[in-house]
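Here is what each chain is made of, one letter per residue.
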Amino acid sequence: GAVVSQHPSWVICKSGTSVKIECRSLDFQATTMFWYRQFPKQSLMLMATSNEGSKATYEQGVEKDKFLINHASLTLSTLTVTSAHPEDSSFYICSARRGATDTQYFGPGTRLTVL
Amino acid sequence: GNSVTQMEGPVTLSEEAFLTINCTYTATGYPSLFWYVQYPGEGLQLLLKATKADDKGSNKGFEATYRKETTSFHLEKGSVQVSDSAVYFCALSDQSQAGTALIFGKGTTLSVSS
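Chains S and Z, in that order, are what the protein sequence lines are. Just so we're aligned: the first sequence equals residues 1 to 115 in my numbering. Just so we're aligned: the second sequence equals residues 116 to 229 in my numbering.
You can take every hint at face value.
Computed cross-link-like contacts, DSS-like style, restricted to lysine-lysine with a CA-CA straight-line distance of at most 25 Å:
| id | chain 1 | residue 1 | chain 2 | residue 2 |
| --- | --- | --- | --- | --- |
| 1 | Z | K221 | S | K41 |
| 2 | Z | K167 | Z | K192 |
| 3 | Z | K192 | S | K41 |
Just a sample of chain Z residues kept apart from chain S, beta carbon distances all over 10 Å, derived:
| id | residue |
| --- | --- |
| 4 | L128 |
| 5 | A132 |
| 6 | T143 |
| 7 | A168 |
| 8 | D169 |
| 9 | K171 |
| 10 | G176 |
| 11 | E178 |
| 12 | Y181 |
| 13 | R182 |
| 14 | E184 |
| 15 | H189 |
| 16 | S198 |
| 17 | A201 |
| 18 | S228 |
Just so you know, these hints were derived from the structure itself, not from any lab. Using N, Cα and C, we set each Cβ at its ideal position, and we do this for glycine too.
Chain S extracted, bound-state conformation (with noise of 0.2 Å):
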């Protein structure tokens, strides 16, 4: 038990243009999901915390307004990366919470790139 995916596994997209990342707890209920940033060689780096049916926690330095994230069930979060550009090329992992306990699993991540 405790799988989680995303889609797409990858993708590739031109500047200016939106991207949607779902994320999904196949076999459990997640009040929180995170979504995190790793960028090559580097550590994960946390960009928000989605609780289901409020609005996300956005960690210092990243733009609510760039990287949308809903929640709009207790399985699905999903990151919209608007007005992508090069710089927003990455890695993007989720990550889901399984009720009190504070053990995160992981989808297997969204490799963006923006051309």
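Place chain Z on chain S using the hints.
Below, chain Z without anything else, positioned relative to chain S:
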């Protein structure tokens, strides 16, 4: 603020060698400690965890003991295999704050050769 420091990699070992990856942390409250592993081309997987001082987490031959006195959570394995080649991340979560995300170390790349 809370932070995690891991030893710099890459770590290169021969098969059946002993592995240690050091991890120390700084935290307020009572953090849980984790080791995650990321195999090439895959997402992060939970390897093991410990939720309180002196707890030992173990999985797949890997072990780590929560040492509050030294604020450490070093990862060890007695005999590594080629299939253990991956990036290993140490992380902490502060139990006192509901919804707090994990704080990761920078990751240590392990390469095991036969």
